[in-house]
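Chains as they are written, first to last, in the working numbering: chain A, 1 to 512; chain B, 1 to 246.
Read the hints as simulated data drawn from the structure, not as lab findings.
Covered stretches of chain A (chain B as the covering partner; in silico rule of three or more C-beta atoms under 8 Å from a C-beta of chain B):
no., stretch
1, 21-29
2, 190-196
Quick list of in silico lysine-lysine cross-link-like pairs, DSS-like style, CA-CA up to 30 Å:
no., chain 1, residue 1, chain 2, residue 2
3, B, Lys110, B, Lys125
4, B, Lys110, B, Lys136
5, A, Lys273, B, Lys136
6, A, Lys348, A, Lys460
7, A, Lys273, B, Lys132
8, B, Lys109, A, Lys21
9, B, Lys109, B, Lys136
10, B, Lys110, A, Lys21
All values derive from a computational prediction rather than experimental measurement. Positions of the beta carbon are idealized from the N, C-alpha and C atoms, including for glycine.
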Amino acid sequence: MTTDADDVRSFDQRGGAAQPKALSAIRTIARREIAEQLSSARFLIIALLVVGLTPLAVYVGARDYKSRLEDYNRLVAEQQKMIAGPAGREVKGFDVGWSEGNDLAVLRAIRPPEPVSALVRGLDGALPQYWDFSPTGIVTGPLASRPQRIADVVGHLDMAFLMRVALGLLAILLAFDAVAGEKELGTLRAVLSQPISRAALLTGKLAGGAVTLLLPLAAAFLIALISAQLFGVDLIAAGALAKVVMLALTAGAYLVCFYALGLFVSSLVSSQKTSLVVLLVVWVVAVLAVPPIATMVAQAASPVPTSQYLETRKDALDLDIRRQAELEMGGVYREITGDPEGNADTDKYYKNKESIDRRIVPIEVGYLNRRRQILNEIDRDAERRAANQNRFASLLMAISPAAAFAGAATDLAGTGDAQYAAWLESVRRYQDSLNAALFDDPPTVMIRNRGASFPAELRKPPTVADLPSFAPPRRDAAAVLSRSLPAIGLLGLFTGVFIIGGFFAFSRYDVR
Amino acid sequence: MIEATNLSKRYEDGVLALDAFNLRVESGRIYCLLGANGAGKTTTINLFLNFIEPTSGQAFINRIDVARSPIESKKYVSYVSENVMLYGNFTARQNLDFFARLAGRRDIKKDEYYMVLREVGLQEKAFEQRVKEFSKGMRQKVGIAIAIIKDAPAILLDEPTSGLDPKAGAEFLETLDELRQRGKSILMSTHDIFRAKEIADAVGIMKEGRKVMERTREELEHEDLQALYLDYMRGGYRPDEEKRTA
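Start from the sequences, fold in the hints, and give me the full structure.
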């Protein structure tokens with residue numbers, strides 16, 4: 001009979017069960033996880049669904065993008081034509097509202113559609129096509145896309161939706177039984193009777209789950225890129241491709257986040273059924289309930305006046321100051337022309353043009369500047385309220401990794417709220433620079449009279465080239481990345497918390 | 001070698017599952033733990049595998065304190081549970097490969113796996129079949145094959161013969177005997193008095209967390225193990241019996 005010492009010595013000499021290196025054990029666990037998951041029905045069904053729906057989602061997105069691009073190109077062509085014409089050579093600075101030949105369209109800030117909106121629609125279709133700048137302030141153009149009533153109600157099917165909803169669900173379904181299921185099956189004891197640490201086991205599971213989830217994700221993005229190319233949207237162009245790659249990486253982080261959540265919950269309970277129920281409830285709350293509830297609560301807690309209300313308020317204030325200005329003007333007309341009604345017909349105006357202009361112009365310019373200031377204050381106040389509401393809603397949504405991903409995805413695609421805020425900022429800056437260069441000291445003022453208006457030339461009108469040019473917000477990959485960092489950071493925080501929570505829970509998990 | 005000194009476990013709910021348990025299983029010996037459900041047999045095995053922490057005392061595998069160096073100690077022990085649970089979508093050979101890799105054994109050829117599966121009596125046609133189609137006896141054979149491929153000096157078996165048909169049970173005992181011949185220290189918990197008597201070099205009876213009796217194979221030649229077992233189960237705890245511990 002051999003002795004203990006002999007047996008152990010010979011065991012060690014054979015290299016019998018040399019303790020596996022942690023990395024090797026992790027790789028072994030991960031490979032098994034991948035093999036198991038890839039052959040599971042839940043993986044095949046959802047992965048095929050996502051891969052199958054991707055071309056459809058891209059087709060719809062590409063069509064929408066292309067129609068917005070056509071509108072944009074048309075508007076730019078019209079503007080170029082105007083710039084090359086008289087309006088471009090002499091910017092008189094007429095108010096948009098009551099000038100017949102609106103020369104201010106040469107200064108129009110036209111927003112190009114974002115190519116990556118073919119994948120992640122975001123707000124791109126719901127923002128204005130352009131902004132005009134006038135002596136009375138910023139005038140917002142029509143929305144880039146027509147409202148799509150059904151899609152606006154139930155949500156748009158785009159890549160962000162497929163990742164957030166379908167692959168998010170897959171992550172949960174792959175992870176719910178990772179620990180509790182193995183405990184029920186009995187394999188957890190068998191695995192943990194081998195010389196590997198619990199941390200290595202969970203790391204292997206996390207790595208295996210991540211690789212499994214990244215396969216349909218990578219396939220979907222590859223198909224999306226090919227589909228977009230086929231449907232006429234070039235996303236291979238350097239800037240767009242960088243955004244798509246960042247988008248795919250963030251989607252990957254989101255899936256790892258949900259998988260880590262699944263491992264965490266699975267390590268907290270002893271039954272896979274309980275794990276599944278808990279995770280499905282969390283998924284429904286995080287993906288489907290939190291975003292609308294957060295928006296609703298923010299709307300209730302921090303209301304924003306409706307456009308109709310703002311317009312009515314602006315009209316009422318405008319009416320007030322205009323009436324005041326008109327009364328003053330009427331007095332001047334009466335005094336100069338002797339007309340008891342305070343009117344000046346064309347003959348009378350041109351007969352007394354010099355003295356009328358000298359006295360009316362300050363009233364008219366004063367009215368325009370005052371009006372611009374008041375309307376600007378109303379708009380700023382409304383924007384401040386909207387921003388507060390957005391901030392509040394974002395804060396409430398911060399409890400959901402799905403909302404964090406939605407924010408990160410749209411911001412990375414250049415179709416999110418951060419991009420909208422950047423456009424508003426650029427537009428406001430441009431209005432300020434035009435105020436200084438043009439509107440505060442207008443070259444031409446329309447002298448109004450009841451039923452008629454007469455241009456009063458005050459100085460030589462500048463050309464478009466003389467005026468500051470509009471600086472649109474940066475849309476390059478670095479800019480969208482910096483705007484997305486808060487949302488990406490939040491997603492990273494969730495992932496970190498779930499991973500640490502999972503390791504902590506599994507280190508204390510009762511495997512009996 | 002498998003060894004326990006004054007090993008105790010009290011659960012959080014206050015239940016004393018194991019009370020000052022002592023044990024020593026030398027190389028080339030089979031020790032059978034008998035006892036009713038809840039007697040502390042599985043708790044003992046859980047302590048040797050570090051699935052739970054002892055309240056006091058120590059468990060050693062190959063002279064390594066399990067609680068202090070759990071991963072190191074698991075290099076030297078194989079474990080076969082009552083219901084050997086394997087990954088259903090993997091074949092017998094793939095399961096073997098998976099657990100061998102976890103045990104640190106890499107670069108094992110397919111033929112070597114087949115050889116071990118043959119050794120435990122699994123039919124050739126089942127080698128590359130998914131184990132979800134396997135009977136309990138077949139899974140048990142794969143479980144033993146996993147222990148053999150690891151080739152660890154200590155083996156823990158938790159009621160391995162429960163539910164096996166007579167033929168499978170007999171084959172299982174043959175395999176155990178073979179492992180004993182190779183110098184393995186084997187600790188087996190079981191309800192099966194007859195198989196315990198047939199295979200064990202020593203038998204311990206547990207009751208309410210305590211080892212109330214221990215007999216060597218030689219001693220049992222003159223005693224009826226079944227009668228002893230029933231006697232101890234009916235009667236109370238007789239600590240004087242512990243003095244007979246080898």
